[in-house]
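All chains, please: the whole structure from these sequences, using the hints.
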Amino acid sequence: MVQLSILSGKQAGSHWVARHFPVHIGRSPKADLRLDEAGVWDQHLQILLKPKQGFLLQAEDNALVSVNGEPTRSQFLRNGDSIELGASKLRFWLAESGQRGLSSREWLTWIGIGLISLCQVVLVYWLLTL
983 MVQLSILSGK
993 QAGSHWVARH
1003 FPVHIGRSPK
1013 ADLRLDEAGV
1023 WDQHLQILLK
1033 PKQGFLLQAE
1043 DNALVSVNGE
1053 PTRSQFLRNG
1063 DSIELGASKL
1073 RFWLAESGQR
1083 GLSSREWLTW
1093 IGIGLISLCQ
1103 VVLVYWLLTL
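Residue numbers (my numbering): 983 to 1112.
Calculated from the structure, these hints are not laboratory results. Where is the CB? At the ideal position from N, CA and C, for every residue including glycine. Each hint should be verified, as a subset may be incorrect.
[To be verified] Quick list of the computed label-pair ranges, beta carbon to beta carbon:
1) ARG1060 to SER1086: 34 to 40 angstroms
2) LEU989 to LEU1100: 56 to 62 angstroms
3) SER1086 to VAL1106: 26 to 32 angstroms
Quick look at the structure:
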């Protein structure tokens, strides 16, 4: 889904993947992404999923948030946007998607090819015995 890369602070260099929405970010132990940095409030901001529009960042009342260096209260996020809250800086990314394993389909394909080949051998043998 969504990946937040932490660019500054105590957790700098780490990545956090959001698996459900809304995502609450702040200092509180109840926050989904907990940032224990100066200037970060208990409930600083949340990221909502709006299916037709995209991902919406909403700052809590009186909380200071900047997206790409511009102060904002509410803004739709784009891939690569920089989010600043207190002394923390985050990068918003769409998370990498994982490919499902195809081994079962490959096995079924090989079994199908084997059965077709076996049927052809049986058919040729039957035609030769006539």
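Outcome of the hint check:
1. ARG1060 to SER1086: 34 to 40 angstroms: At roughly 37 angstroms between Cβ atoms, SER1086 and ARG1060 fall inside 34 to 40 angstroms, so the hint holds.
2. LEU989 to LEU1100: 56 to 62 angstroms: holds (60 angstroms)
3. SER1086 to VAL1106: 26 to 32 angstroms: Since the Cβ atoms of SER1086 and VAL1106 sit about 31 angstroms apart, the hinted range of 26 to 32 angstroms holds.
Checked against the numbered hints listed earlier, the structure breaks none of them; every hint is satisfied.
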